[in-house]
Structures are given as structure tokens and as C-alpha cells.
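**Q** We have chain A; now place chain B with the ligand onto it with these hints.
So the sequences go chain by chain: A and B.
When the letters of the first sequence are read in order and numbered with our numbering, they come out as residues 186 to 780.
When the letters of the second sequence are read in order and numbered with our numbering, they come out as residues 3 to 86.
Note that these hints are calculated values from the structure, not bench results.
No residue lacks a Cβ here, since even glycine has one placed at the ideal position from N, Cα and C.
Do not rely on the hints blindly, as some may be mistaken.
Here chain A is said to cover these stretches of chain B; the calculated rule only asks that three of the stretch's residues, wherever they fall, bring their Cβ under 8 Å from a Cβ of chain A [claimed, not checked]:
#: 1; stretch: 5 to 17
#: 2; stretch: 20 to 26
#: 3; stretch: 49 to 61
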Amino acid sequence: MSYTVRKFDAVVVGAGGAGLRAAIQLSEAGLKTAVLTKVFPTRSHTVAAQGGVAASLGNSEEDNWHWHMYDTVKGSDWLGDQDAIEFMCRKAGEAVVELEHYGMPFDRVDNGKIYQRPFGGHMSNFGEKPVRRSCAAADRTGHAMLHALYQRNVKVNTEFFVEWQALDLVRDAEGDVLGVTAMDMETGEVVVFHAKATIFATGGAGRVYYSSTNAFINTGDGLGMAARAGIPLEDMEFWQFHPTGVAGAGVLITEGVRGEGGILRNADGERFMERYAPNAKDLASRDVVSRSMLTEINEGRGAGPYKDYVYLDLTHLDPQVILKRLPSIHEIGIQFAGVDCLKEYLPVVPTCHYQMGGIPTNRFGQVVVPQGEDKAVPVPGFYAAGECACASVHGANRLGTNSLLDLLVFGKSAGEMAVDYIKTNVKAHKPLNLESVEKTMARLHRLDNQKDGSNVHETRMLMQRTMQKHAGVFRFSYLLKEGAAKILEVADAVAQTGIQDKSKVFNTARIEALELDNLIEVAKATMISAEARKESRGAHVRDDAHDTPETPDGRDDANWLKHTLWHRDGNRLEYKPVQMKPLSVDTIALKKRTY
Amino acid sequence: MTTEDDRRVRIDRLKWHCRRSLLELDLVFQRFWARYGEVLGTDDETVLTRLLELEDHDLWAVVSGKQAIADPDLMRLVERLRAT
Ligand SMILES: Cc1cc2nc3c(=O)[nH]c(=O)nc-3n(C[C@H](O)[C@H](O)[C@H](O)COP(=O)(O)OP(=O)(O)OC[C@H]3O[C@@H](n4cnc5c(N)ncnc54)[C@H](O)[C@@H]3O)c2cc1C
Chain A
186 MSYTVRKFDA VVVGAGGAGL RAAIQLSEAG LKTAVLTKVF PTRSHTVAAQ
236 GGVAASLGNS EEDNWHWHMY DTVKGSDWLG DQDAIEFMCR KAGEAVVELE
286 HYGMPFDRVD NGKIYQRPFG GHMSNFGEKP VRRSCAAADR TGHAMLHALY
336 QRNVKVNTEF FVEWQALDLV RDAEGDVLGV TAMDMETGEV VVFHAKATIF
386 ATGGAGRVYY SSTNAFINTG DGLGMAARAG IPLEDMEFWQ FHPTGVAGAG
436 VLITEGVRGE GGILRNADGE RFMERYAPNA KDLASRDVVS RSMLTEINEG
486 RGAGPYKDYV YLDLTHLDPQ VILKRLPSIH EIGIQFAGVD CLKEYLPVVP
536 TCHYQMGGIP TNRFGQVVVP QGEDKAVPVP GFYAAGECAC ASVHGANRLG
586 TNSLLDLLVF GKSAGEMAVD YIKTNVKAHK PLNLESVEKT MARLHRLDNQ
636 KDGSNVHETR MLMQRTMQKH AGVFRFSYLL KEGAAKILEV ADAVAQTGIQ
686 DKSKVFNTAR IEALELDNLI EVAKATMISA EARKESRGAH VRDDAHDTPE
736 TPDGRDDANW LKHTLWHRDG NRLEYKPVQM KPLSVDTIAL KKRTY
Chain B
3 MTTEDDRRVR IDRLKWHCRR SLLELDLVFQ RFWARYGEVL GTDDETVLTR
53 LLELEDHDLW AVVSGKQAIA DPDLMRLVER LRAT
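Okay, chain A solo, but in the shape it has when bound (with noise of 0.2 Å):
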């Protein structure tokens, strides 16, 4: 297979939003900047996006980017570093005025101001009552930032590549990156983007479970691309998990059902919750009704033919307030459970919705690796954003709104840095190292001559299931012990996988296999550092993590305040400090989680 080389001063991977912001920042500074997508940009994650973005611009009330950073602190169960989460928060109006400008059409009140509206988790006064901080565009707040972000784009020249799959980093024997290797889909032409800067803004890795609401072209394709090159990927056991996805399908359904009255069921026709929350019910924390719902599955009082769902009971309702205060949750019934609930039970299950770790970054948006004693040396010429990377301003558990802030304060930053690298350090290209990108032409004749491979589809399927049963929203030590030697035979057969279309021009298959190169990555990733983590905490729950005095609620911070590491050389793990101190204010002392 042969390859040719295309120049450029930058390229950036991904066109959600944090692409798209970190791309305007090159191309506004005069460099020649690519943008590689999978798909067209509008089309990228980001749209799903519909709550809003955070900002306390205090429009509606009295706010502050102090008690915004004291919500995400909290929130992020302080693994959150106070550095990042500072410098985010008081980037934030700056970041969402920017928007304006590019013309996001932001929702308004009268005055003109932007209109804002209340999210879990944020607060007023240090957690006191609920505040206006989200900034939002009616219920299409993240399609419309990816059409001012895309048009701004586009007048100042960036050049697009749609339809263009990144597969691997390139580095130098220094272990300076100098690109990516990509497929045009159309061609199956395989082409280096030798560049200056690379900026990876690839998105989540949603789809690495089974039940997930995230889209289908949720790979994680830059965290498996990073971890083949070495780079370690940072607190992979934090993910968000909303209770009730539609079994199945994943798709969300609000939580609105159960403050109408929805009632959870186990396959006896049960309504367990009574059980586990005999005050609150089916209206418990998200954590609480997950977890039940878990326990119920895994003592066999699930439903269906795997026993893995439990039921969601709304036919005691009247028809007419389902059909008028909910109408699109009897739609997704019928759409993906093939079940109308107005007559019948909907099949749930507590589903992924958002990864907190990544590919480690420091707030100015650098990927920075450990050596030596120094935890956090940035990779030269290598920089991350947005879902795939971990700033880490979430820690382990996201506020709703914080993630579309993430993505244009770091997309920025990341995009200023490189931007700054490129005109003071880099005069020209470093010649390409040939025997990285030896490591693509590998990979892909690898999978057009394998004999007897593995099903692509099955494999991606059992790696679902084994992290959905093994790695899901409650952790059993005896369930993460067993996944982490199954997800390592589950990586030898991605290892072998096959295609029988060996054909250049737009093959989906291989475009799939390489996919599941990399959601494999982010499943051993997944697995080996929560299997490690020994405490609960955050997203992180676990069965033998107990609350004591010195524990509450089982996190241990004594022994488990600090990032993961997982290498993929050996499935090695390391860890290192969170970092407690913010840049001008008092460290956010650490205390109980309570809301």
C-alpha cells in the first residue's frame, strides 16, 4: 500500500465544537489549517447538545465565576483540577460573548440580554439555592454553535476535509508530533497530514457500551489514536450514566417521567425502589435509582431474555397527561422498545452518557505526559480538546452545560497554544519519522489479509456487553476483577478481526474495524483503572467501598485524591496529584458531596 504526504502549518482532528473553535484560532492567525471529519461538521456530536452552555453572566440574577467554580469543584467530586476549573470559569462569559459575535443566536430576554435558565448541580452563594447560568439557543443550542463556529470557519479559509478518517498520530523518535495518517473514505486513499501542531477533537467514546446515548460516530478514535502512540489516557474509570435509557437503544427518557409519576419494575412486576428509597422512591438521585436498578439486574430480577433491564411503569397514568405533558417519550416507546407505554411496561436500563477522562491536557490545552518525577510534560507540538481530552475540569462526575464551556474555552486555548508554538518554535516541518506511519500501512494490510478473522460486529457486541455487565453505573469488585481479564481476551479478537469487502472506494466495514481499534483502547483503558481504584467516588461507585468517618460515602481520600494513568504498554497504571491549588483564589477544601 502507498501513501502520499499533504503539508500543513496545523491539522486538527475533529469538526464538533471543539474542533471547529480550536481550528478558528490557527486559521484567524494566517496558518494553513486542516480539519479532519468523519463526517460533514453540523453533523458532529455537539448538536445533540440541547440544555445550554454555562456562563455566570448573571443576567437573570446575581452570579459569579466563584461559585460556578465551587459548583464544578464539588460537582467533579474534587478530582477536578482547581487550576483548569478556575480558568474556565472565568472564561466563560468572554467565551460565550465570542459566540455572540459569530452569531449564535442566543435566547433573549427582554432587555436583550442573553436568557438564562437553571441546571442541576449549579448553584448560587457556594451551593446555597439553584441559579440561571445556562446560556442556551431554544432547544438547539449546540446545533446552532456548530453553525456560527463552522461559518466563522469558513470565512477565514480553514480547509475542510469531510469525509476523512484520521487512524494514527505520527511522532519522531523525540516523541514530537508531526501529524496524522488518514483515509479519504471516498477513495481509501491513505494520506499523511505531516503538520507543525495536530490538535486532537475527536469527541467521546459513548459507544463502548452497550446501552449508550451517544451516536453511532462516537469511536474515541483520538484516545485509541493517542494511547498506540504512547500517550497515557487519564481517569478512563469516570463515566456519566443517566438511569433511564431505553433498553436496547439507549435513548434517553427524561427524567420528567418518573416527576410524573413513572414507577420502576423489576421483572416480578415489583416496584423495588420502595425498597432502597422508601421515602423518596422512583424520584431518588440519579446514583440511588441506578444503583438499585443494577442490584435488581444483578440478583436476577431483571427482565427479558437476558434478565438484563428492569421495567419502566407508566400505564397507571392518565393517556391524556402522558400525551400532553410528555409527548415524545410514547414516540420513543414505539419507535425503539416497540412498546406503547401507555398500555405496556418500557424496558430501561441505566445508560452512558459522558466520559470525564481523556487524553491528559494541562488548562492551555497541551497534552502532557509523565517523566521522570514531572507528571505533566507537554508532548511538543501535541494538543487536545473537548470530550476526548481530560483538562481535567470534570473530574469524576461532569455538571450539566459545564461540557459545552470545556470544549470552547480549551478548543481556544488549545488553538492559542499552537498557534504560539508554530511562530516562535517551529520554523519548519521536522522530517517525518517514515516508521510511524509504517505503523498505519501495518494495520491496514493486517486487516485485508486476515484469514478467519473475527466478526466485526460480534466482537464490537461482546465488548459491549462485557463493559456494560463488568465496568457499568455500580461496580462490583468481583464483576471488575473478572472484566479485566475479559476485555483482554475480548482485545485479542478486535486483534484478528476480518472483513470480507476488501474493496478501496467508501468500504463501511473497514471504516468500523478501525473503529473498533480504538473503542477497544478506551474498554481495557475503562476496566484496568476502575478494577485499580479502589473507593467510591464521583461517577465511580463500587460495592466494597464503604461509608465510614474517614470514608464518607466510600471515597477515600486519603489514599485515592489523584488521577489515573493507564498506559497501554503492559496495561500499566500510574497516578498523579490532582492539582489543589487554583491560580488566584483559595483552594476549594474538600468535604462531603451533599446536595
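**A** Here is chain B with the ligand on its own, set in the frame of chain A:
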């Protein structure tokens, strides 16, 4: 390339264009391909290509029955998507 190869490329391209930003749409199209992938005619291809030009939220509004579209060809395809 043979006519059969041509068709495969067109279908694969269309399939890829059915990868959307919303999970709801991914799922609807996944079922559609499983059912009609083998038998999709060239006319269907043309109509599907047009339907896929819609923005994702608009497409979902149409497919979930919240909104209608005037074009009868598109509407017929939407009915099939809804019924699959
Ligand atoms: C249903 C849902 C609702 C949400 N609502 C909100 C909300 O209201 N507020 C909020 O703050 N957050 C929300 N989130 C989270 C938020 O939407 C995401 O975290 C965020 O949009 C991720 O943006 P991104 O730019 O990092 O990646 P994405 O938008 O996922 O973009 C990734 C890009 O990378 C490209 N790409 C990937 N791999 C490759 C490759 N190999 N080669 C080339 N290109 C590649 C893709 O084509 C795409 O362009 C929601 C998430 C979900 C699932």
C-alpha cells in the same frame, strides 16, 4: 468497475451519510438498512439522498411525526422509516 460495484459504492456512501449526530436517527436508519439494504432501487436512492440533506433536528422532527413535509416522495420514504 462493474455496475454491481457501482451500486455497492453508492449504497455504502448513502449508509455513511446516515451516520448522524442524534442516536435516534442512527437507530432508525440502522433498521431501515437492515430491512431495505438489499432491495433499495435507484429511485429510492435519489429520494433518500434528498431526505438526508435535512438538518438532524428537522429530520428527527419529521421521522418522529412531529412535523410533516410537503414533498410526497419524501413523505412516503418517511412513512417507511417510521414503519420499519
Ligand atoms: C444526548 C446528549 C445531550 C447533551 N447535552 C449537553 C448540553 O446540553 N450541554 C453540554 O454542555 N453538554 C451536553 N452534552 C455533552 C456534549 O454534547 C459533548 O460533550 C460535546 O458536544 C463534545 O464535543 P466535541 O467537540 O468534543 O466532540 P464532537 O461534537 O463529538 O465532535 C467530534 C468530531 O470528531 C470527528 N472525528 C472523530 N473521530 C475522527 C477520526 N478518526 N477522523 C476524523 N474525524 C474524527 C467527528 O467527525 C466530529 O466532527 C450532551 C451529550 C449527549 C449525548
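**Q** If a hint holds in the structure, say so; if it doesn't, say that too.
**A** Verification of the hints:
| no. | hint | verdict |
| --- | --- | --- |
| 1 | 5 to 17 | holds (count 6) |
| 2 | 20 to 26 | holds (count 6) |
| 3 | 49 to 61 | holds (count 3) |
Of the numbered hints stated above, none is contradicted by the structure.
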